[in-house]
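Novice: Position chain G relative to chain X; hints supplied.
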Amino acid sequence: MTQHQLAAHPQHPVLCVRGACKRFGSVVALDDVSIDVHRGEILALLGDNGAGKSTLIKCISGVHRLDAGDVVIDGAANVLRSPADARSAGIETVYQDLALFDNLTPAQNFFAGREIAGPKWLPRAMRLLNKRRMDEQTRSLIQSLNVSLPHLDAVVALMSGGQRQAIAVARSAVFARKVVILDEPTAALGLCESRKVLDLIGALRDRGNAIILITHNMDHVTELAGRAVVLRQGRRVGELVPTRANKQELVSMIVGA
Amino acid sequence: MRGTDDSLEREVAEPRAPTVAASENVAVAVGLKLLGAGAVLILIGLILVLSLLSPYFLSPRNLGNILAQTAVICVVAMGQHLVILTKGIDLSVGSNLALASVLGALSFHAGASALTVVAVMVAAGTTVGAVNGLFYVYGRLPHPFIITLATLSIAKGIALQLADGRAIPGMPPAIRSLGQEAFAGLPGSVFVVAGVAALMFVLTQSTVWGRWMYAVGGRADAAVRMGIPVSAVLVSAYVISGTCAGIGAVLLAGRTDAGSPLFGNLLELDTIAAVIIGGASFLGGRGHIGHALIGAIMIGVIRNALNLLNVGVFYQLIVIGVVIVAAVEADVLRNHLESRMRVLRAEAGP
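Quick note, the sequences are listed as chains X and G, same order.
If you number the first sequence the way full-length UniProt numbering does, the last residue is 257 and the count never jumps.
If you number the second sequence the way full-length UniProt numbering does, the last residue is 350 and the count never jumps.
In short, the hints are calculated from the structure, not lab data.
All C-beta atoms in this analysis are idealised placements derived from N, C-alpha and C, irrespective of residue type, glycine included.
Worth double-checking, as some hints may not be accurate.
[Said to hold, decoys possible] DSSO-like cross-link-like pairs, simulated, lysine-lysine; straight-line CA separation at most 27 angstroms: (1) X:Lys131 to G:Lys156; (2) G:Lys156 to X:Lys178; (3) X:Lys58 to X:Lys178; (4) G:Lys156 to G:Lys87; (5) G:Lys33 to G:Lys87; (6) X:Lys196 to X:Lys58.
[To be verified] Beyond 10 angstroms from chain G on every Cβ pair, some chain X residues (computed): (7) His12; (8) Asp32; (9) Ile73; (10) Ala76; (11) Glu115; (12) Arg124; (13) Ser144; (14) Asp153; (15) Met159; (16) Thr222; (17) Arg244.
[Stated by the list, open to error] A partial selection of chain X residues facing chain G, derived with a Cβ cut-off under 7 angstroms: (18) Pro83; (19) Gly113; (20) Pro119; (21) Pro123; (22) Ala125; (23) Leu128; (24) Leu129; (25) Asn130; (26) Ala157; (27) Glu184.
In isolation and in its complexed conformation, chain X is listed as follows (with noise of 0.2 angstroms):
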């Protein structure tokens, strides 16, 4: 699989962290962490709680800043200060939260923070909404990834945790052009809605996005990740393709034994 995918995109990476280093007080939270991922490629980020998972991605995404190391995109180094700067590198994120805005439709929720609205004279602030191309865009989407969401116009509050999931799943999908990073996408989900955000994720690959799944579903990560890349207190402590055969192999490096 991995070699398939090199073959296939012989290019540098898209994304690189080199020398990650983060630090809460006392707590070394990343030490020295390097990660690449290639467009086209799932890599499964692995690891118990508190191996440093979440405060990796948090730094790829703009919500921390590293205290050492760089997050480089398409072999530039960028700085990103905020969330907003990562999202105009290409950086989208789906966070364990969700972020969605229970009292906005799903339209409204994918446009949230990048509005389509003009004339491009006024303020950004105050220029006019387009909602009819809004709409347009949700639909064409929605009907694109094949995900099924019956009440278009209702606020999200009156959707099931699936369908929640769906819409920030795709949401990333509007706007995503280099990276998206999933955070426990399915951990709240059943099994046929586990399904369908799996093939959401499958169906964001195959747009040529690069992937950064975490999850502990270890039948997900044998079946969807190109790689593994697997952290523990802080330190990466290895690499595999995962397969079926080598899950017990995995799952030892996660909890060191």
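Specialist: Chain G in isolation, oriented as in the chain X frame:
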């Protein structure tokens, strides 16, 4: 584990007569629709009953009276609505209005023109609003209750000090006629209310800023992660609430031909009540300008009716308090029905 549980539940749920779920679904949907339109229905019912009880109620003169008396609450409630939309509260609007009217009266006596007096009042209101917003957001205060309670006291104190504790009579003729005279059969203040409402409607429903208001009110931490300038949006809500208090000062000063530190007493309660009675959610993120207007008019109608029916003025406070509780309970019920709806839809499957 959870997955198996869910699918088991679904298997159990499906054989249960689907018509039961469907009819409950319809009932919940109808309930939600009714609650959404509740304030308008109650207002219409109230007007019908009152027109039967008092022949005077529907006379043009009385309706004009209601509108003129409600205009101040209407304008200030529209500003309050923005603040409540962001999960906040502005307690300072009444004192802010009083201070603005006093500054306006003083500037008039110092020889300022009508236009300047209006500008002074609106600018004074806006300034107090800006103080509220800036201290709340950048002073990292835990809740806007605190800073607006402080400016309630401070603005009142400054107004009393400047006016020596008394009303200052005298307003330019233009402001007076705006507050007292009728144009095309309607009180002048009605046109101000309509103008502010139209502007606020476009701002909140059609601009990017308006969408940000709803997003910030819905979930501020998510708004930060989506790159929305949350701090600026929050400050703007308080600034506009202050501007509305300043416009309210112009209307009230015109109607009474004076500026007074005693204006706007309990106006914060009236405006908060108007927004909540009208049907906006106190939990933030839900509601529109119409809610503020309907709630304000409802308060005006209740007061007017109790006057017409010779019910003592003290009862008005009791009635309005009861209506507030009813409105908030309706909001709670709406949230409950929505979560019921969510469960029903999840059971029905996508």
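Novice: Checking against the hints above, which ones are violated?
Specialist: 1, 2, 11, 12, 15, 20, 21, 25 and 27
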